[in-house]
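Trainee: Next come the chains, spelled out residue by residue.
Number of protein chains: 2
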Amino acid sequence: MQNQNLYADLPSNSDAGERFDALLARPGLRIERIASLGQASPPDFWYDQDEAEWVVLLQGSAGLRFADEPETRVLQPGDWLYIAAHRRHRVEWTAAGETTVWLAVHFSE
Amino acid sequence: MQNQNLYADLPSNSDAGERFDALLARPGLRIERIASLGQASPPDFWYDQDEAEWVVLLQGSAGLRFADEPETRVLQPGDWLYIAAHRRHRVEWTAAGETTVWLAVHFSE
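Chains as they are written, first to last, in our numbering: chain R, 1 to 109; chain U, 110 to 218.
Hints are computed from structural coordinates only; laboratory data are not their basis. All of these numbers come straight from a predicted model, not from anything done at the bench. One or more of the hints may lead you astray.
Unchecked claim - Here are some chain U residues the structure puts well away from chain R; computed CB gaps all over 12 Å:
#1 P120
#2 A125
#3 R128
#4 A149
#5 S150
#6 P151
#7 W155
#8 Q168
#9 D188
#10 E201
#11 A205
#12 E218
Said to hold, decoys possible - Simulated restraints, written as ranges between beta carbons of each label pair:
#13 E207/U x D44/R: 30 to 40 Å
#14 R88/R x Q158/U: 12 to 22 Å
#15 V74/R x A176/U: 42 to 52 Å
#16 Y7/R x A205/U: 19 to 29 Å
#17 E180/U x Y7/R: 18 to 28 Å
#18 A95/R x L133/U: 24 to 34 Å
#19 P77/R x A131/U: 19 to 29 Å
#20 G147/U x R88/R: 37 to 47 Å
#21 P136/U x R88/R: 36 to 46 Å
#22 Q185/U x A16/R: 24 to 34 Å
Said to hold, decoys possible - Stretches of chain R that chain U covers, calculated by requiring three or more beta carbons in the stretch to come under 8 Å of a beta carbon on chain U:
#23 4-15
#24 18-27
#25 35-48
#26 51-59
#27 97-109
C-beta atoms are modelled at their ideal positions from N, C-alpha and C, and glycine is treated no differently.
When you get a sec, could you build the whole thing from the sequences and use the hints?
Mentor: What follows is the structure, given as structure tokens:
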């Protein structure tokens with residue numbers, strides 16, 4: 001029996017943009033792998049999501065900014081956080097030259 | 110702002126048994142870190158859970174056995190699987206001499 005692996009089949013070039021893979025989807029719950037290769041949110045773009053999110057960075061690194069915080073948070077492997085619905089945030093940067101892998105759990109509350 | 114990290118504050122000795130830390134708990138949803146230091150399920154013990162589980166092994170390694178499969182699955186970092194409610198399973202072994210870290214999402218469906 002072949003296992004499914006979070007680090008398998010990662011994008012190897014940034015031209016295709018970020019990649020989002022749904023690993024599990026149920027009503028009110030979605031587990032997703034996000035792979036970034038140096039991408040950031042577009043200038044002045046803020047995520048403003050209807051659902052809450054629990055997210056962990058597993059590989060690479062990233063700068064995550066909340067609209068209600070003055071400083072960008074630097075995320076290293078293992079760093080996780082809870083993002084309340086409608087708490088505005090953006091990805092300021094992801095590591096260049098390596099694939100940043102996130103695991104996100106989106107849920108209604 | 111200090112981030113919370115999945116690999117921080119891991120148990121360093123196996124005498125205390127496996128460790129379970131709830132990272133997020135909501136009605137019908139629980140995200141949990143499990144740290145094992147060589148532990149396995151007791152002989153003839155099978156998990157038989159009322160909730161479904163999505164689980165990924167992030168560090169270390171483990172042997173996971175399903176009652177409905179003849180072979181133990183060997184899990185390496187990044188390997189993930191979905192375990193339906195009441196699908197009986199057990200942990201045959203976890204790596205000796207290092208901490209095995211799992212991230213489990215328990216949910217009702």
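Trainee: Against this structure, judge whether each hint is valid.
Mentor: Do the hints match the structure? See the list:
Non-interface call for P120/U relative to chain R: holds, since the shortest CB-CB distance, roughly 16 Å, exceeds 12 Å. Every C-beta of chain R lies more than 12 Å from that of A125/U, the closest at about 21 Å, which supports listing it as non-interface. Every CB of chain R lies more than 12 Å from the CB of R128/U, the least distance being 16 Å, so the non-interface label holds. Under the 12 Å C-beta cut-off, the non-interface status given to A149/U relative to chain R holds; the minimum distance is some 19 Å.
At the 12 Å boundary, the C-beta of S150/U stays outside the reach of chain R, the nearest C-beta of that chain being 19 Å off. Once the 12 Å rule is applied to beta carbons, P151/U is consistent with being away from chain R; the minimum gap is 24 Å. With 12 Å as the threshold on Cβ separation, the claim that W155/U sits away from chain R holds: the shortest Cβ distance comes to roughly 18 Å. Not every beta carbon of chain R lies more than 12 Å from that of Q168/U, the smallest distance being close to 9 Å; the non-interface claim is violated.
The claim that D188/U is not at the interface with chain R is violated, since a C-beta of that chain comes within 12 Å of its own (minimum 4 Å). No beta-carbon of chain R is positioned within 12 Å of the beta-carbon of E201/U; the least distance is around 14 Å. Non-interface status of A205/U relative to chain R is upheld: no Cβ of that chain comes within 12 Å, the nearest being about 21 Å off. Chain R draws E218/U into its interface by the beta-carbon criterion, the shortest separation being 6 Å against a cut-off of 12 Å.
For E207/U and D44/R, the Cβ-Cβ distance of about 45 Å falls outside the hinted range of 30 to 40 Å, so the restraint is violated. A beta carbon spacing of about 37 Å between R88/R and Q158/U contradicts the range 12 to 22 Å that was offered as a hint. At about 44 Å, the beta-carbon gap between V74/R and A176/U stays in the expected band of 42 to 52 Å. Judged by the Cβ atoms, the range 19 to 29 Å given for Y7/R and A205/U holds: they are separated by roughly 24 Å.
Separation of E180/U from Y7/R is about 23 Å and conforms to the stated range, judged on CB atoms against 18 to 28 Å. For A95/R and L133/U, the hinted distance range of 24 to 34 Å is satisfied, since their beta carbons lie about 26 Å from each other. Checked against the hint of 19 to 29 Å, the pair P77/R and A131/U passes, with Cβ atoms roughly 21 Å apart. A hinted range of 37 to 47 Å holds for the C-beta pair G147/U and R88/R, which are about 44 Å apart.
Roughly 26 Å separates the CB atoms of P136/U and R88/R, a value that falls outside the hinted 36 to 46 Å. As the Cβ distance of Q185/U to A16/R is approximately 27 Å, the hint placing it in 24 to 34 Å holds. Counting residues of the segment 4-15 of chain R whose CB lies closer than 8 Å to any CB of chain U gives 5, so the stated coverage by that chain holds, three being the minimum. Restraint check on the segment 18-27 of chain R versus chain U: 3 residues with Cβ-Cβ distances below 8 Å, three needed, restraint holds.
Closer than 8 Å: that is the beta-carbon criterion, and the segment 35-48 of chain R has 0 residues meeting it against chain U, so the requirement of 3 is violated. Counting residues of the segment 51-59 of chain R whose beta carbon lies closer than 8 Å to any beta carbon of chain U gives 3, which meets the minimum of three for the stated coverage. Under the rule that three or more residues need a Cβ within less than 8 Å of chain U, the assignment of the segment 97-109 of chain R holds, with 4 such residues.
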